[in-house]
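Chemist: Sequence order for the protein chains is A and B. Going by this note's numbering, the residue at position 185 of the first sequence is 214; the numbering climbs one at a time, nothing skipped. Going by this note's numbering, the residue at position 99 of the second sequence is 208; the numbering climbs one at a time, nothing skipped.
Don't take every hint at face value.
What the hints assert, rightly or not - Rough simulated footprint, nothing fancy, chain B against chain A, three-plus residues with beta-carbon under 8 Å:
no., stretch
1, 248-258
2, 333-347
3, 528-536
4, 568-577
Stated by the list, open to error - Simulated DEER-style distance windows between Cβ atoms:
no., chain 1, residue 1, chain 2, residue 2, range
5, A, Thr-498, B, Val-204, 25 to 35 Å
6, B, Val-159, A, Thr-175, 49 to 59 Å
7, A, Ala-227, B, Val-159, 19 to 29 Å
Simulated from the structure, these hints should not be mistaken for lab results. Just so it is clear, CB atoms sit at the ideal spot from N, CA and C, and this is done for glycine as well.
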Amino acid sequence: MTMRTPLRPLARILKARAHGENPDLIERENLARRHEAMRERTHSRAAARLGLLAVAFGAFYLTIGIRMGHLAASEPSEPVASAPGAEIVAQRADITDRNGRILATNMTTQALYAHPKVMVDPKGSAQKLAAIFPELDAAVLERRFTDGRSFIWIRKVLSPEQVQLVHEIGDPGLLFGPREMRLYPNGTLAAHVLGGYAFGAEGVHSAEVIGTAGIEKAMDARLRDPAQGGEPLTLSIDLTVQATVEELLGAAITALNAKGGAVIMMDVRSGEIIAMASAPTFDPNDRPVPLVSKDAEASDSPLFNRAVQGVYELGSTFKIFAVAQAMELGLVNPQTMVDANAPMIWGKHKIKEFEGHNYGPLLSVTDVITKSSNVGTAHIALMIGPLRQQAFLKSLGLFDPTPLELIEAPGAKPLIPRKWPEIVTITTSYGHGMSASPMHLAAAYAAIANGGIYVKPTLLKQSGPARGTRVMSEEVARESRKMLRRVVTDGTASLGEVPGYEVAGKTGTADKPKKSGGYYKDKVINTFAAMFPASDPRYVLIVTLDEPVDTSGPKPKRTAGWTSVPVAAEMIRRIAPILGLRPQLELPDRSTLTAAGN
Amino acid sequence: MRPVLYVLTFLAVIALGFWAYRENYATQASLRDVRHLQGEIANLREALSVQRAEWAYLNRPDRLRELAGLNFDRLGLLPMEPGQFGTAAQVAYPVPEIPAIIGPVDVIGDISAVEDTAADQAETIAAQAAEQGL
Numbered sequence: 030m031t032m033r034t035p036l037r038p039l040a041r042i043l044k045a046r047a048h049g050e051n052p053d054l055i056e057r058e059n060l061a062r063r064h065e066a067m068r069e070r071t072h073s074r075a076a077a078r079l080g081l082l083a084v085a086f087g088a089f090y091l092t093i094g095i096r097m098g099h100l101a102a103s104e105p106s107e108p109v110a111s112a113p114g115a116e117i118v119a120q121r122a123d124i125t126d127r128n129g130r131i132l133a134t135n136m137t138t139q140a141l142y143a144h145p146k147v148m149v150d151p152k153g154s155a156q157k158l159a160a161i162f163p164e165l166d167a168a169v170l171e172r173r174f175t176d177g178r179s180f181i182w183i184r185k186v187l188s189p190e191q192v193q194l195v196h197e198i199g200d201p202g203l204l205f206g207p208r209e210m211r212l213y214p215n216g217t218l219a220a221h222v223l224g225g226y227a228f229g230a231e232g233v234h235s236a237e238v239i240g241t242a243g244i245e246k247a248m249d250a251r252l253r254d255p256a257q258g259g260e261p262l263t264l265s266i267d268l269t270v271q272a273t274v275e276e277l278l279g280a281a282i283t284a285l286n287a288k289g290g291a292v293i294m295m296d297v298r299s300g301e302i303i304a305m306a307s308a309p310t311f312d313p314n315d316r317p318v319p320l321v322s323k324d325a326e327a328s329d330s331p332l333f334n335r336a337v338q339g340v341y342e343l344g345s346t347f348k349i350f351a352v353a354q355a356m357e358l359g360l361v362n363p364q365t366m367v368d369a370n371a372p373m374i375w376g377k378h379k380i381k382e383f384e385g386h387n388y389g390p391l392l393s394v395t396d397v398i399t400k401s402s403n404v405g406t407a408h409i410a411l412m413i414g415p416l417r418q419q420a421f422l423k424s425l426g427l428f429d430p431t432p433l434e435l436i437e438a439p440g441a442k443p444l445i446p447r448k449w450p451e452i453v454t455i456t457t458s459y460g461h462g463m464s465a466s467p468m469h470l471a472a473a474y475a476a477i478a479n480g481g482i483y484v485k486p487t488l489l490k491q492s493g494p495a496r497g498t499r500v501m502s503e504e505v506a507r508e509s510r511k512m513l514r515r516v517v518t519d520g521t522a523s524l525g526e527v528p529g530y531e532v533a534g535k536t537g538t539a540d541k542p543k544k545s546g547g548y549y550k551d552k553v554i555n556t557f558a559a560m561f562p563a564s565d566p567r568y569v570l571i572v573t574l575d576e577p578v579d580t581s582g583p584k585p586k587r588t589a590g591w592t593s594v595p596v597a598a599e600m601i602r603r604i605a606p607i608l609g610l611r612p613q614l615e616l617p618d619r620s621t622l623t624a625a626g627n
Numbered sequence: 110m111r112p113v114l115y116v117l118t119f120l121a122v123i124a125l126g127f128w129a130y131r132e133n134y135a136t137q138a139s140l141r142d143v144r145h146l147q148g149e150i151a152n153l154r155e156a157l158s159v160q161r162a163e164w165a166y167l168n169r170p171d172r173l174r175e176l177a178g179l180n181f182d183r184l185g186l187l188p189m190e191p192g193q194f195g196t197a198a199q200v201a202y203p204v205p206e207i208p209a210i211i212g213p214v215d216v217i218g219d220i221s222a223v224e225d226t227a228a229d230q231a232e233t234i235a236a237q238a239a240e241q242g243l
């Protein structure tokens with residue numbers, strides 16, 4: 030620290046005074062010097078601070094830069110010291126049924142690839158590989174081993190036994206990479222719901238597993254979400270019910286010589302699909318290739334999901350919609366007599382009853398449903414009119430694709446006539462002219478069963494009854510159910526009676542349309558739409574059979590009453606106890622027997 | 110005083126260095142352990158998933174149905190039927206237990222005289238007991 034110079038040093042002042050100079054000048058000069066020194070000091074301090082700040086910032090950004098460079102250049106690794114459970118458990122979440130039984134899971138296997146440039150004996154290895162895997166061709170393999178490439182995939186998944194056999198070849202150019210594959214332990218069960226899988230982008234250390242159809246594809250993002258990898262996707266399907274349904278459907282198709290069939294079982298309150306089957310079926314573990322030939326119908330492929338993609342004219346099952354709407358609008362009540370004089374002439378069209386019957390001249394609305402009168406339904410539909418009819422069918426979801434969680438569902442749009450003249454009103458009322466899938470029918474019948482509230486069908490497990498939109502009053506729904514119950518007790522579905530379960534339902538027999546126009550005489554689609562128990566329905570069951578024929582009698586029978594109905598009845602008899610539905614049976618009183626035993 | 114402080118500081122530095130050295134190796138050993146354990150967990154998880162898949166495979170409805178058919182003689186399993194439901198009222202009440210006989214009384218005499226009812230019998234026994242002066 031320098032000595033502080035006084036502003037008015039006495040010696041200089043006196044000297045200046047002696048010379049007659051102004052002593053204030055000295056003071057100012059000193060003051061100026063002092064200010065100069067202070068300025069210097071402040072400046073240098075500020076400069077030093079700025080420098081320090083620059084160094085600090087520099088170090089800070091350098092650290093970040095080095096860290097970023099390091100992260101970019103280094104291999105990613107899992108944090109070692111983290112808590113357990115933080116790591117990704119599975120590449121793809123499991124799929125389970127509503128009770129937690131596994132429908133789809135993952136398994137680690139090995140993929141086989143080759144580095145031909147390090148192979149010792151390409152020819153011998155090719156022959157040995159072809160001996161292990163019959164689908165490989167030794168000549169092709171040998172050519173690929175020797176044409177100069179340095180990497181070849183040979184097989185995507187290998188069983189442990191096959192891995193051992195390849196090890197025994199002992200060629201250093203044959204290498205294995207871990208592969209997580211999808212496994213459907215139940216085989217063909219619920220195949221159309223699950224769909225299938227394929228490998229996406231493949232690397233040596235892992236490969237993407239992507240869904241190719243069904244719920245695997247529709248929920249692909251959810252299944253592949255690492256955050257939910259440990260949590261299985263729980264479906265609404267009940268494995269036991271599904272197995273029973275598939276067993277009975279397969280038996281029915283064999284017995285009735287049918288081309289195929291579909292069954293849907295739906296919980297009317299929550300909209301959950303308890304079982305959904307389509308036959309013929311396939312094994313999702315070994316998904317067949319889709320048919321490619323031009324003249325092949327899509328429905329010929331086992332991959333075709335008849336329950337969702339099969340858009341058919343569903344026949345008389347539609348009649349209850351016309352009747353329910355007429356009751357809702359107050360046009361008729363169950364006892365109203367309507368004109369049922371067959372045949373009915375409308376313009377150039379002639380509307381006939383089954384086998385040329387005439388149930389007329391007048392028939393009560395209940396009997397129109399019980400006897401399945403086309404003419405009676407046609408007259409009721411004409412009372413309603415085309416616009417109101419379309420609005421009602423739309424509210425039942427029959428005009429739009431079903432919102433089901435399957436990749437196939439949005440593509441299955443019902444076939445609706447573009448124009449809606451009165452003849453379409455008439456034909457639609459008894460299920461011809463417009464086509465919908467069995468899934469549409471299930472959802473629409475569930476609305477009647479659920480007291481008039483339409484609930485969207487879903488394949489995911491729900492926690493309770495779903496909110497829906499009211500499409501008809503509770504009273505109308507109850508009256509409709511009474512009529513459907515009459516169909517089983519006194520009408521066309523008499524074989525559908527299951528003691529204790531009050532089955533209600535409506536049959537539908539629709540002739541198959543020809544590709545060239547018109548209808549086949551001896552090819553039918555038979556549908557039975559049922560609900561049980563009628564007094565308080567819990568489930569809706571739809572059974573559709575494609576070209577069934579009952580040849581047990583002297584004359585082949587092709588009506589739904591002889592084909593789909595007994596199948597549905599057997600299903601209800603077997604399934605209802607599994608679902609814990611108690612039959613309303615009058616059992617022999619066993620307590621008297623026990624008392625006698627004592 | 111000051112040299113003592115120096116020596117103590119020096120010793121403290123050596124001690125801390127030794128401690129840090131040991132901690133370093135202990136940490137590395139722990140990390141190795143954790144890595145090993147995580148590998149083990151991954152292996153066990155894989156084994157678990159394989160076993161779950163196998164369980165599901167062995168319990169597939171087709172196979173169970175076949176097994177139930179094969180072992181029908183022993184198990185007699187049939188599909189569930191509506192008739193198998195019962196009500197609580199159908200369950201018989203348990204047979205009331207007869208209380209143990211604590212103080213048996215020897216009765217000598219003509220039994221045919223006291224054959225009417227259980228109540229009579231009890232009365233008679235009581236009377237006889239009184240006669241015997243018990």
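Chemist: Closer than 8 Å Cβ to Cβ for three or more residues is the test here. Does the stretch 333-347 of chain A pass it with chain B?
Modeler: With 0 residues close enough to chain B, the hint is violated.
Chemist: Okay, the stretch 568-577 of chain A and chain B, do three or more residues pass the C-beta test at under 8 Å?
Modeler: violated (count 0)
Chemist: Taking a Cβ-to-Cβ distance below 8 Å as contact, does the stretch 248-258 of chain A have at least three residues touching chain B?
Modeler: violated (count 0)
Chemist: Taking beta carbons only, do three or more residues of the stretch 528-536 of chain A come closer than 8 Å to chain B?
Modeler: holds (count 3)
Chemist: Measuring from beta carbon to beta carbon, are Ala-227(A) and Val-159(B) in 19 to 29 Å?
Modeler: holds, 22 Å
Chemist: May I ask you to test the hint 25 to 35 Å on the CB atoms belonging to Thr-498(A) and Val-204(B)?
Modeler: Given about 58 Å between the Cβ atoms, the range is violated.
Chemist: Could one say that the CB atoms of Val-159(B) and Thr-175(A) fall in the range 49 to 59 Å?
Modeler: violated, 38 Å
Of the numbered hints stated above, those contradicted by the structure are hints 1, 2, 4, 5, 6, listed in ascending order.
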